[in-house]
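Q: Protein sequences, first through last, are from chains R and D. Numbered per the numbering used here, the first sequence spans residues 644 to 702. Numbered per the numbering used here, the second sequence spans residues 772 to 1283.
The hints are simulated quantities; they were obtained by calculation from the structure and are not laboratory data. Don't take each hint at face value.
[What the hints assert, rightly or not] The following label-pair restraints were derived from C-beta to C-beta distances:
1) R:Ile697 / D:Ser1151: 35 to 45 angstroms
2) R:Asn683 / D:Gly890: 13 to 23 angstroms
3) R:Asn683 / D:Asp912: 18 to 28 angstroms
4) D:Glu1180 / R:Ile697: 32 to 42 angstroms
5) R:Asn683 / D:Pro877: 13 to 23 angstroms
6) R:Thr678 / D:Ala1142: 38 to 48 angstroms
7) R:Thr678 / D:Ile855: 23 to 33 angstroms
8) D:Gly890 / R:Ile697: 22 to 32 angstroms
9) D:Lys1277 / R:Asn683: 52 to 62 angstroms
10) R:Ile697 / D:Thr1036: 49 to 59 angstroms
11) R:Asn683 / D:Gly1258: 45 to 55 angstroms
Nothing here was measured: the structure is a model prediction, and the numbers come from that model. Just so you know, even glycine gets a beta-carbon here, dropped at the ideal spot from N, CA and C.
Below, each chain spelled out in residue letters.
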Amino acid sequence: MKENKCCCSKKQKKLKVVNIGLQTFAESLRAQGVTVAQVNWRPPRKLDSEMKNILDDLL
Amino acid sequence: MPVKKVTVQQNRYADSVTLMGILDAVKKSGKVMLAEVQMGTPQNVEVMRKLGFDIPATVNANDLVIALEAQTNELLDEAYKDVIDRLDRKHTDGEETFNSIDEVDPADGWNLCQISLPGEYAAEEAKKAINKGLDVFIFSDNVSIDEELQLKRLGDEKDVLVMGPDCGVGMLDGVALATMSLVREGPVGIVGASGSGAQEVACIVEKAGSGISALIGTGGRDLYPQIGGLSMIKGIKRLCEDDQTKVIVLVSKLADRAVMDKVLTFADGVKKPVVAIFLGADESLFASHKVHGTFSLEGAALKALELCGISCKDFEISDEKIKGIVDSYMKKFSPQQKYLRGVYCGGTFAEESLIYLKEHNPDSQLYFNMATKYARKLDSHLKSQCHTLVDLGSEEFTIDAPHPVFDPELRLKRFRQEAQDPETAVILLDFITAPGVHEDPISPFAKACAEAIKARGGALAVIASICGSVNDPQDIVKCGKELVDAGVILTGSNHQSTLLASAFMKALDNRK
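Build out the structure end to end from the sequences listed, making use of the hints.
A: Rendered as structure tokens:
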């Protein structure tokens, strides 16, 4: 098994989780003693059609 | 005169549970008369406009809208500041945060990415995490099957697990993910394409005295022909490499025959014993394979324990016990009481019961709220006919109400409806406990059961099982006692409840 892989024995106890989305899931993991980092995710900006056409032409 | 304020934060996302918490706190502060803090989806914008807020036409689903009304400008400003503080505080409690997955460095030990974004964004983030070599757990649904295939192929290439999309439960390194029960550790490793089915196997393993090494969810479509069981095979490989796992259990609903054969053929080649439950499969599926085929979730759990050398004969419900219970109730039922009614919150449990009831009572008039080969479809999902099972977690019920594992109210109402039907003799219930579901899913039912049984002078049989762990915050021992005190027949599993229900069906039909 690769060095960093999680699964499955608690003896290894090395799960480190990046959470994107529901904060409650991160809180549930922290309550179990797991190191969790939350991603301050923002939706990608939607290009307006004019800009998209310009980019399509360029690319 | 009341004053209103609408603020739009463009391109800012916050999940619905967080927003509900903020909204609740601001309303309770007493500073506002009206408050909405929502993503700017068309539905949310419509609600806010109906409340009299002037929402700009340019708002879209990627914008966060804060709409407040208060008696004075001072109160309005205070409430607004409160909302902003709470939105910002979420990410500044001393825990490490990232502005995007691009900032994550796996060399720092990060090894799992848990994603619960709206489906349209989930695949893109999952792809970034897989490319960094992280295992991914995707709770989000509404990810296309093409995207799922791409992610799983990429996962294979990078040697990482892709759990999901639409994966509700998992356990890795002894840690429960999403809505998984806090099952204790042990030698049984599970790979599940059915979340509640896999959870039931895990919980029965614990109830029978042992524990699990891991539960690797695959998402419900993994055994579709397009996906070909990629995550299930990957999960088996991972469990083969894990020292703690002594036996592997595969859990799925009935899937594509060729894919099931492919997975079983792979399982035939591994050194550890493998048990499989593909709900609804017959013996022919397993005839040419080495794996131990089983036909109920309980059967799979107990077979796995047997292979670990753990005896659990006492766990099963005996024919004598079933006969004794059925006989005692049949004496109490009036001639008008003729039918079984199952009121489920777990779709897999409803299906497990339907399969058994159909097989063992082929001539009975059995109905279900959805089209299935195991029962006739109800004329209306709102009214039972003859023997009926309903899954309150299915789309027709959840389209305008929360799923019953998060809010038991709708199922409680249906329970009371069945209990008051003079033709009802037996009611079948399932319960699910875990940190991620309703904090008290059972007490309201225990109270309703006690009232219903009393109203019938004891001539109403209510059968229930709890899929959960003793370590769950709801405490299944306490919950079980509440049900028993209310006069409910509490069984050890949904399969046991079904065996009992089947015996009741036979007895009721034979009496007609």
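Q: Work down the list of hints and note, for each, if the structure agrees.
A: We went through each hint and held it up to the structure:
1. R:Ile697 / D:Ser1151: 35 to 45 angstroms: violated (54 angstroms)
2. R:Asn683 / D:Gly890: 13 to 23 angstroms: holds (20 angstroms)
3. R:Asn683 / D:Asp912: 18 to 28 angstroms: holds (23 angstroms)
4. D:Glu1180 / R:Ile697: 32 to 42 angstroms: For isoleucine 697 (chain R) against glutamate 1180 (chain D), whose Cβ atoms are near 52 angstroms apart, the range 32 to 42 angstroms is violated.
5. R:Asn683 / D:Pro877: 13 to 23 angstroms: holds (19 angstroms)
6. R:Thr678 / D:Ala1142: 38 to 48 angstroms: holds (46 angstroms)
7. R:Thr678 / D:Ile855: 23 to 33 angstroms: holds (28 angstroms)
8. D:Gly890 / R:Ile697: 22 to 32 angstroms: Since glycine 890 (chain D) and isoleucine 697 (chain R) have Cβ atoms about 29 angstroms apart, the given range 22 to 32 angstroms holds.
9. D:Lys1277 / R:Asn683: 52 to 62 angstroms: Since lysine 1277 (chain D) and asparagine 683 (chain R) have Cβ atoms about 59 angstroms apart, the given range 52 to 62 angstroms holds.
10. R:Ile697 / D:Thr1036: 49 to 59 angstroms: Given a distance of about 52 angstroms, which is inside 49 to 59 angstroms, the answer is holds.
11. R:Asn683 / D:Gly1258: 45 to 55 angstroms: Given range 45 to 55 angstroms: holds, Cβ gap about 51 angstroms.
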